[in-house]
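Protein chains in written order, with this note's numbering: chain A, 160 to 272; chain B, 4 to 117.
Warning: the hint list may mix true and false statements.
[Stated by the list, open to error] Mimicking DSSO-like on lysine-lysine, the simulated pairs with C-alpha atoms at most 30 Å apart in a straight line are:
(1) B:K45 to B:K104
(2) B:K45 to A:K228
(3) A:K216 to B:K25
(4) A:K177 to B:K104
(5) B:K71 to A:K224
No lab work stands behind these hints: they were computed from the structure.
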Amino acid sequence: EAQVTQNPRYLITVTGKKLTVTCSQNMNHEYMSWYRQDPGLGLRQIYYSMNVEVTDKGDVPEGYKVSRKEKRNFPLILESPSPNQTSLYFCASSPWTESSEQYFGPGTRLTVT
Amino acid sequence: GENVEQHPSTLSVQEGDSAVIKCTYSDSASNYFPWYKQELGKRPQLIIDIRSNVGEKKDQRIAVTLNKTAKHFSLHITETQPEDSAVYFCAASNGDFGNEKLTFGTGTRLTIIP
Chain A
160 EAQVTQNPRY
170 LITVTGKKLT
180 VTCSQNMNHE
190 YMSWYRQDPG
200 LGLRQIYYSM
210 NVEVTDKGDV
220 PEGYKVSRKE
230 KRNFPLILES
240 PSPNQTSLYF
250 CASSPWTESS
260 EQYFGPGTRL
270 TVT
Chain B
4 GENVEQHPST
14 LSVQEGDSAV
24 IKCTYSDSAS
34 NYFPWYKQEL
44 GKRPQLIIDI
54 RSNVGEKKDQ
64 RIAVTLNKTA
74 KHFSLHITET
84 QPEDSAVYFC
94 AASNGDFGNE
104 KLTFGTGTRL
114 TIIP
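Working from the sequences, and respecting the hints, build out all of it.
Here it is as structure tokens:
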């Protein structure tokens, strides 16, 4: 089954404790991206990657890191999480086709206390 | 950078009536405009998209119109049904492939009244 998976789905952590949210897709998509969703703010892009070893900042990259060592994986790293990073995070992937549709993962709800 | 404004933030429509959601964008270089639907507790899913070389696109009960001069685009849903209740997001992007950097609007919560 073609899909984007994220782990963990739910995470409660404390300020300053490094964490990684994994994202994996099995559709051989070149493009992957991370978004955060907050009430009243919609979806905001954190980072995106157009292929292996190629990453670029989105609109809200501060406090986040990413890496793209393999085509299928695009982990999101929070080196020192803070309460303002409490949010719902979505990973997405897309092929280079005419539609440019992004396929979203199920989301990761992160709470930083 | 790109700024996308979306209105209204909430919309209630009687079942069978039409719903219209409007978005404006700031970057005249934007050339790709998708609409995503997010049902409660679910992930966003693409429902329709349009590129800047097209003024209108239709898919059954859903249509999108684009006015490049005014830098605005709209989603039209006709003959609304209960399953249309969801949050709808517009977005804008530029670049060779149309989705390198995607900026979303803040969303419209659409409620269909039976």
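K216 of chain A and K25 of chain B: Cα distance at most 30 Å? holds, 27 Å
K45 of chain B paired with K104 of chain B [C-alpha distance capped at 30 Å]: holds, 23 Å
Measure nothing beyond the straight line between the CA atoms of K71 of chain B and K224 of chain A; if it is 30 Å or shorter, mark the hint as holding. violated, 35 Å
Check the hint pairing K45 of chain B with K228 of chain A against an upper bound of 30 Å on the C-alpha distance. holds, 29 Å
Can the restraint linking K177 of chain A and K104 of chain B be considered satisfied, given a maximum Cα separation of 30 Å? At roughly 27 Å apart (the allowed maximum being 30 Å), K104 of chain B and K177 of chain A satisfy the hint.
Hint 5 from the list above is the single one not met by this structure.
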